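Undergrad: Residue strings, one per chain:
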Amino acid sequence: MSANPAVAAAAPVPAAPSSRPRVAVPWARLREAALALAIPAVLAIVWHFLTTGRPYSLIPPPAEVWTALVDLAVGGINDDAFSATLLTHLGASLSRVYGGFALAVLFALPLGLLIGRVPLMRQLLDPTFQILRPVPVTAWLPLAMILFGLGPRSAYFLVFLGAFYPILVNTIFGVRSVEPRLFEAASMLGCRGSAQFARVVLPAALPSIFTGLRLGLGFAWVVIVVGEMTGVQTGLGAIIMEARQLSRTEIVICGMIVIGVAGFLSDRIVMLIGRRLLAWSPSHG
Amino acid sequence: MAEPTLPILEIRDVGKTFAVQGKTVTALKGANLSVKRGEFVCLLGASGCGKSTLLRIAAGFEAPSSGQACMWGKPIAGPDPARGMVFQDYGLFPWLSVRDNIGFGPKSRGRPAAEIRDTVARYIDLVGLGAFADAHPHQLSGGMKQRVAIARVLANEAEVVLMDEPFGALDAMTRERLQDELLDLWGRTGLTVLFVTHAIEEAIFLADRVVVMSPSPGRIDAVHDIALPRRRDVSSPAFNDIRRMLSAQLHSHHGRVAA
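Residue numbers (UniProt numbering), protein chains in the order written: chain C, 1 to 285; chain A, 1 to 259.
Just to be clear, a hint being listed does not mean it is correct.
Only part of the chain A face toward chain C is listed, based on derived beta-carbon distances under 10 Å [what the hints assert, rightly or not]:
(1) R56
(2) A59
(3) G60
(4) G84
(5) P94
(6) P106
(7) S108
(8) P112
(9) P137
(10) H138
(11) A149
(12) R152
(13) E159
(14) W186
(15) R188
(16) F239
Dumping the calculated DMTMM-like pairs for lysine to aspartate or glutamate here, alpha-carbon to alpha-carbon at most 25 Å [to be verified]:
(17) A:K36 x A:D13
(18) A:K36 x A:D225
(19) A:K36 x A:D134
(20) A:K74 x C:E179
(21) A:K36 x A:D184
(22) A:K107 x C:E184
(23) A:K107 x C:E179
(24) A:K107 x A:D134
(25) A:K36 x A:E201
Because the hints were derived from the structure by calculation, they are not lab data. Only a predicted model underlies this, so the values are computations on that prediction, with no experimental measurement involved. Every residue, glycine too, gets a C-beta built ideally from N, C-alpha and C.
Chain C on its own, in the form it takes in the complex (with noise of 0.2 Å):
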């Protein structure tokens, strides 16, 4: 977590703080940026000493790999069945993720907070989420595609799945762990009740609910590729499934490449959205 520079500057002498965060220096941002690719700039180096030139190695070398992901995104190089497919892939493969997450969301924070919040309901439903969580989601695969037949709608239960404990665990230890003193605060100023959920419960628990919702949309992604097991035609894990069967370990490792920064990418969209909403908050702002 970055500093935040205007509480630095509040503690000892107070001054009027900046209504926003400082931006960094040109030349910070450029070392930072440099220091994080270094280490993949050394792999690609290591990987590429170790490949190129030697006819029966089993990994592709880097350039072949990104020669099979420019022809997977615009085509024009192999003309196989998987060129210019990127696009078609990736999409079905976000609107599984997002789509998954959306349902998790949908569930794990309703119950988080009624589990968090109603004693009776947290005897009656914790034990069972406790004694469901540990079963990995690749356990559930047979089940889910009995359930839900081969195609799309195991994908989506599967990512749902991944995403939901994160979801329901943050958000009930969110709702729990508000301080005691905030409710007296509330109390005796005359928001008593229901009432203090919406103005206590839900935005002391924000940053926990965040947290959760961070994580789950991160194994989202991580499962993407189990979710896509199910016998989908499209799909960045179909795609892996595919050309591993047909040995394209290029087309296998574009896969990876994809989903990698494709779950790096929405991750920073949802700590931008944090930040924003949770600027309050010493740890997130």
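Take the given structure of chain C and dock chain A to it, following the hints.
TA: Positioned in the frame of chain C, the structure of chain A alone reads:
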């Protein structure tokens, strides 16, 4: 308004016991106290003397185990905006700006937006936080947070302000400044203040009456009127006489506990 002879707060033979790990602990026993409107009363004592418990009963956060706490003659049944509490750890809502923290009470009571805006502006000015109206609590110093906490209670039209060691976490300079500011506010608004502290000097500097409390079991020992003219000089002989007397009284309990 009620008849002037009726005390704004009355504590009648109030006791409080807690169950701690199966054992019953008496936090407060047989406390009697009557506070008139506009009075500044300090509850003074070492930790464990029940001063905070008494304050929390007055606030309505705790119900007495025996006896009764009343405001304007009516039993206190729970927290109420008429009795605002200022906590040592501030209890501000971290997600709300200074402005919205102060407006929280009026908003909870369904006041119209325009009125809330005016009220908030008036109390932000009163505590001198105009430049920080849009800041969030984590951007404020301890003294500023406590000013917000006080303004929040005043903006909610509290008649009684209950303060639980409000300046205990502040540095000495800030504490003195806030004591002055509090007395100034009290003088201008006609508030009733019930103020818990363990600092003898603070109690004498602020209070019309000092209630001396002692531990095990927590109880009220004595009530002293402080007749010194305001603003009080903490280094004057008269001030020191009272300090010595209260100090002796407080320390005599240690002897009794040890004996």
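Undergrad: Confirm or reject each hint.
TA: Hint-by-hint comparison with the structure:
1. Given hint, A:R56 at the interface with chain C, holds; its Cβ is 9 Å from that chain's nearest Cβ, closer than 10 Å.
2. Proximity of A:A59 to chain C holds as hinted, the smallest CB-CB distance being about 6 Å (cut-off 10 Å).
3. The beta carbon of A:G60 comes within 8 Å of a beta carbon in chain C, closer than 10 Å, and the hint placing it at the interface holds.
4. Look at A:G84: its Cβ gets to within about 6 Å of chain C, closer than 10 Å, so that hint holds up.
5. Taking 10 Å as the C-beta cut-off, the interface hint given for A:P94 holds, the closest approach to chain C being about 6 Å.
6. Nearest Cβ of chain C to the Cβ of A:P106: about 9 Å, under the 10 Å cut. The hint holds.
7. Residue-level restraint check for A:S108 holds (minimum Cβ-Cβ distance to chain C is 4 Å; threshold 10 Å).
8. Checking A:P112 against chain C by beta carbon gives a least distance of about 15 Å; that is not within 10 Å, so the hint is violated.
9. Because the smallest distance between the Cβ of A:P137 and any Cβ of chain C comes to about 8 Å, under 10 Å, the interface hint for this residue holds.
10. Annotation: interface hint on A:H138 holds; nearest CB of chain C at approximately 5 Å, less than 10 Å.
11. Taking 10 Å as the C-beta contact cut-off toward chain C, the hint placing A:A149 at the interface holds, the least distance being around 8 Å.
12. Proximity of A:R152 to chain C holds as hinted, the smallest CB-CB distance being about 7 Å (cut-off 10 Å).
13. The criterion of a C-beta within 10 Å of any C-beta in chain C is not met by A:E159, whose closest approach is roughly 13 Å, and the hint is violated.
14. With its C-beta approaching chain C no nearer than about 19 Å, A:W186 sits outside the 10 Å limit, and its interface hint is violated.
15. With its C-beta approaching chain C no nearer than about 22 Å, A:R188 sits outside the 10 Å limit, and its interface hint is violated.
16. Here the hint on A:F239 is broken, as its CB sits about 31 Å from the closest CB of chain C, past 10 Å.
17. For the hint linking A:K36 to A:D13, the alpha-carbon distance of about 17 Å falls within 25 Å, and the restraint holds.
18. A distance of roughly 13 Å separates the Cα atoms of A:K36 and A:D225; the hinted pair therefore holds under the 25 Å criterion.
19. A threshold of 25 Å between alpha carbons decides the hint, and for A:K36 with A:D134 the separation of about 37 Å lies outside it, so the pair is violated.
20. A C-alpha spacing of about 30 Å is found between A:K74 and C:E179, which places the hinted pair above 25 Å, so the restraint is violated.
21. A distance of roughly 19 Å separates the Cα atoms of A:K36 and A:D184; the hinted pair therefore holds under the 25 Å criterion.
22. A threshold of 25 Å between alpha carbons decides the hint, and for A:K107 with C:E184 the separation of about 16 Å falls inside it, so the pair holds.
23. Of the supplied pair hints, the one linking A:K107 and C:E179 holds, its CA atoms being roughly 21 Å apart against a limit of 25 Å.
24. Proximity of A:K107 to A:D134 is assessed by CA-CA distance (about 17 Å); at most 25 Å being required, the pair is judged to hold.
25. Simply put, A:K36 and A:E201 have alpha-carbon atoms about 23 Å apart, close enough for the 25 Å limit, and the pair holds.
Checked against the numbered hints listed earlier, the structure breaks hints 8, 13, 14, 15, 16, 19 and 20; every other hint is satisfied.
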